[in-house]
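**Q** Okay, here's what each chain looks like letter by letter:
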Amino acid sequence: MAQRGSVEISPRGGGEKRADSCPACGAPMDAEELAANLRVCPACGHHFPLSAGERIELLADQGSWEEIATELRSDDPLGFYDLRPYHERVEEAEYETGLSEAMLVGTARMHNMDVVLAVMDFRFMGGSMGSVVGERFWRAAELAAEARYPMVAVCASGGARMQEGMLSLLQMAKTTCAVEMMASVPVPFVATLTHPTTGGVMASFATLADVIVAEPGALLCFSGPRVIEQTVKEKLPEGFGRAESNLEHGQIDMIVPRRELKDRLVQVLGMLE
Amino acid sequence: MPSGLFGKKKRALQEEEGRLRRRLAELSRLPTLPGVHLKDEVAKISQRLRELGRVRGRGEGASWEKVKLARHPERPYALDYIGLMFPGFIELRGDRCFADDPAIVGGLAAYQGRTLMVIGHQKGRDLASRTHRNFGMPRPEGYRKAQRLMRLAEKFGIPVLTLVDTPGAYPGVAAEERGQGGAIATTLACMARLDVPTVAVIIGEGGSGGALALALADRVLMLENSIYSVSSPEACASILWKDAAEAKLAAEALRLTSSDLEDLGVVDEVLPEPRGGAHRDHAAAARIVKEALEENLRQLELMKPDRRRRERCGKFRRMGVWRENGLTLF
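In order, the protein sequence lines correspond to chains A and B.
Residue numbers for the first sequence follow this note's numbering, so the first one is 811 and each next one is one higher.
Residue numbers for the second sequence follow this note's numbering, so the first one is 2 and each next one is one higher.
One chain only, chain B, in its complex shape (with noise of 0.2 angstroms):
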């Protein structure tokens, strides 16, 4: 935990750096006018902002902390959640086409009088169950599964909460024969598609497309020690680094924690867990998910179906960043 006075100067370079970003956002929406250059500003703003990221990446390994803390043992998994904010889950299985895949749970919840459809990602916790659930690393039958059980809610207009937790889509023989590229790419179709509320909480590791898979929602909300990232570290570390050993680099170098993404908007909303982290209190960290979803799904309520799914994908199509014409577009 930051000391105070250590605290007081990151809330600073948090404010510096705000600013920084809404003047950007300023300068990118003036017309080009002949004879007015904005290149020399958006030059200096964007150098700033560079340092600025440099000086709060360069922690203490601060990233690798919480890539460890979101592969905690003991962190509450999918069904953890299910079992302590949804008494009675029907668990529904199979894609109907292949197989049931354990790495991929989902089924009907009762929710303050009515239905929800809820999907996470699984892993186990001793030898046998974490190969039974392959350590949460889903295969093209769990993607299908997952978008039969979003096509089944939207009949029934019922909201979709998936919980993301995997290392990543499995990467086996059998699992490209079937076809996990197109599995992951309609499951983010499906996701784009539906006409009912999604939320999609990042509980623990938010591992590449096999992540991704289940989060293109209406609302991405994020538990403060969960990870998401575009690779695991040490994938990362073994292609640029040529060496996994340098996962920690990678680690803060990818800006995978649950306040970069933020900043990034990347994620909607970070919740805060329990003192020392979700795996020393999962009831806690439950009813935090909880309460998150109440609010989030009464906002998504009252929202017609055409206008939840028009800004949920541009929403995803403000995601990136680029020049254009000198400027700085975020």
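Just chain A, same shape as in the assembly (with noise of 0.2 angstroms):
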């Protein structure tokens, strides 16, 4: 079912627990308060996720958010069983989030212009990238290409999707792919980095983007803290991996408060159009 018209941002964004102060600077938190800040933190500026749905009615002009590949659904090729079955940890995300999957992907207008928005959202299986988030990327970048329409994707990922092994993996090969095909033609392909993207989407799609925004604070790596801590036993700099470190090295062309966020999207899109 194609989603039409605005996507209402509640309080409580969806069904996260959320803390009742900023875990950035301590100041005491209102729910409805942080909502009308775009959940940003009034004293600090601290940016908390978004869900997907919160996310589109941040970017998506009111009401012209239109939904594709919506009835795509994660499979269990691999007959994943760890502590509990994949389909079952699936099918809770699903419970918990609302969302079909990690990704959403469709058209909207942003200021007037249209646009192909892949918008994903952390909580649904930590952003992971299986088949279908790979499979929306694809669909979503075809329709930017033929119709000729700029990309926009929305990052938040933890990386590959383990339950579906090799196969997620490859989306890291798909989705290069899809990147490709909108260079060819060529479409501009804006890539906006929120916290935390990781792994096989940092590996990908998200840094073969034209032009890479992120928003403040967020955590944009290949190998997380924890992995490098563990494995090579490094001590870590303070605010390693972080938005404004990626730009110190030259890795991200941008940070942009998400207050800002729309504005400059549309700028950008339309200097390369």
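Quick caveat, the hints were computed from the structure, so don't treat them as lab data.
In this text, all values refer to a predicted model and were calculated from it rather than measured experimentally.
One or more of the hints may lead you astray.
Unchecked claim - If the Cβ cut is set under 8 angstroms, some of the chain A residues that face chain B in the computed set are: (1) I878; (2) E881; (3) S884; (4) Y891; (5) L977; (6) L979; (7) M982; (8) L1018.
Unchecked claim - Result set (EDC-like, lysine to aspartate or glutamate): computed pairs, CA atoms no more than 16 angstroms apart in a straight line: (9) B:K291 to B:D81; (10) B:K69 to B:E178; (11) A:K1072 to A:E842; (12) B:K243 to A:E990; (13) B:K291 to B:E225; (14) B:K305 to B:D196; (15) B:K316 to B:D269; (16) B:K316 to B:E247; (17) B:K249 to A:D892; (18) A:K1072 to A:E867; (19) B:K316 to A:E990; (20) A:K1045 to B:E270.
Note that CB positions come from ideal geometry on N, CA and C, so glycine has one too.
Since each chain sits alone in its own frame, please combine them into the complex, following the hints.
**A** Below you can see the structure in the form of structure tokens.
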């Protein structure tokens, strides 16, 4: 079903437990006030995660979002079973987030500009990229290339979805080919990296964008801090892997606060068309 | 090795699985018609396929044995294959930006009267060389060197052979600061674009994104006792089982062996190894790789560059399994 119309930003976002004080500065939080401020701490500017619905509300002109590829669902090609079966974990994620997968794709207008949007939601199994995320990204890219709409991807992912094994890893190759398809037209492709974007997504379409934008404070890396500390016992510098560090090391183009994000994306896309 | 009876039973199960998968593919191609409900049959087939998967997966740690073989310290490494297959190999070094990464080697090989670009992950065999090669874990400069060599190959119409053997890309602070994720991504993009024939061979450990970066190829071949996995079994176990000691279970669940991956359509061809494994006879293993390379290159060179590129991307586009309107699509 294409989801039309505006998506409500509920004060609680979507099922996630939310702290009553800001984890960054400790200032007391009022849920309503936080929602009104686009879930950015009014005291220190800490950016709380947004759900896919909230992100679409933030970026798409009201009533312009039309979701595609809505019927795609995960299967269980490996019959994967760890402490619990994979399909149970998927069902739980569907139930808790009200989403069909970790990425929603569709068309929207941003300040009247037609765009293709691909928006990830970290709450759905850590935003992990499995077959459905890959296929949705592919269809979004295909649509962008055919309609000559620019694409905006909003990333939030822990990496490949372990439970689909190698088929997940190969989504990195698949999404790379999708980016190449957009490049051959060319249509502009801008990625917005939000907290956290790591692993397979960071090593495929996220970093292949023509312009890479990040939200303040977002953790953006291939190997996460815990992996580095545990595997190679390296001491991490302050602010390791954060958007600010990525900017300093030349890995991203700009850091844009959430309040300015839509305007800035439209500006950049307008200059590339 | 399976006994006669076990072998026969395994073959029967494999045949049944093949039949079911073909039927499922047929069903998925049928147009949706009012009044025709395929959901039940699809559900039944999917269920049976899962059971079959579990029956075959329930080995006596069979996958874990493969993990050990793939990591065997005497297993031939990239430079061993290169030495045996291409006498007179000329190594080319450096990414021209920052450093030369010894965890990835590459260079020009004379091959049947013409030239081949060979690029591979490289592990070391003793303490000093292991450290020097960083245990085969590349840093961004390794991937950028690989890209430089691929572009060089393309410029002169030279086919590219990659040899994949790494536990994964190096997880370190400096590697992150130099853009490990971006380096892997741009290597994938480079391989997606190349207009020369490309063949990748998984020769040992195909560990995660660090391995895949060199394997977006026209043909992906895999030596029988190699593994190719979304994550190491140890990492998977510590994340999903909260206990790295469950790596054996993770190895079974991940379906990382060559026969698993052939079934899943992830690799194009599995290359048999000499009796007991490639470590028993490096020369024989190299001969097997060389023969497979010849045959695959011969086929690829008959195709126009455009078609090769299209088919390469088409192949990776089909990777994945999902349901749509009640049908399972492979």
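**Q** Against this structure, judge whether each hint is valid.
**A** For each hint, the structure was consulted:
Violation of the interface hint for I878 of chain A is found here, the shortest Cβ-Cβ separation to chain B being roughly 12 angstroms, above the 8 angstroms cut-off. Given hint, E881 of chain A at the interface with chain B, holds; its Cβ is 5 angstroms from that chain's nearest Cβ, closer than 8 angstroms. Here the hint on S884 of chain A is kept, as its CB sits about 6 angstroms from the closest CB of chain B, short of 8 angstroms. About 6 angstroms separates the beta-carbon of Y891 of chain A from the nearest beta-carbon of chain B, less than 8 angstroms, and the hint is met.
For L977 of chain A, the interface hint holds, the least distance from its beta-carbon to any beta-carbon of chain B being 5 angstroms, beneath 8 angstroms. A cut of 8 angstroms between beta carbons decides the hint on L979 of chain A: the least distance to chain B is about 4 angstroms, and the hint holds. Checking M982 of chain A against chain B by beta carbon gives a least distance of about 6 angstroms; that is within 8 angstroms, so the hint holds. Hint on L1018 of chain A holds. Least Cβ distance to chain B is approximately 5 angstroms, under the 8 angstroms limit.
A hinted pair counts as satisfied when its Cα atoms are at most 16 angstroms apart, and K291 of chain B with D81 of chain B qualifies at roughly 13 angstroms. With a CA separation close to 33 angstroms, the supplied pair K69 of chain B and E178 of chain B exceeds the 16 angstroms bound. For the hint linking K1072 of chain A to E842 of chain A, the alpha-carbon distance of about 22 angstroms lies beyond 16 angstroms, and the restraint is violated. Of the pairs offered as hints, the one joining K243 of chain B and E990 of chain A is violated, with about 38 angstroms between alpha carbons and a cut-off of 16 angstroms exceeded.
A threshold of 16 angstroms between alpha carbons decides the hint, and for K291 of chain B with E225 of chain B the separation of about 15 angstroms falls inside it, so the pair holds. For a cut-off of 16 angstroms, the pair hint linking K305 of chain B to D196 of chain B stands: about 9 angstroms separates their Cα positions. Restraint check: the Cα-Cα separation between K316 of chain B and D269 of chain B comes to about 10 angstroms, which is no more than 16 angstroms; the hinted pair holds. Taking the CA atoms of K316 of chain B and E247 of chain B, the gap is near 34 angstroms; set against the 16 angstroms cutoff, the hint is violated.
The suggested pairing of K249 of chain B with D892 of chain A holds, with an alpha-carbon distance near 12 angstroms, which does not exceed 16 angstroms. A threshold of 16 angstroms between alpha carbons decides the hint, and for K1072 of chain A with E867 of chain A the separation of about 11 angstroms falls inside it, so the pair holds. Between K316 of chain B and E990 of chain A the CA atoms are separated by roughly 14 angstroms; this keeps the pair inside 16 angstroms, and the hint holds. This hinted pair does not check out: K1045 of chain A and E270 of chain B have alpha carbons roughly 43 angstroms apart, beyond 16 angstroms.
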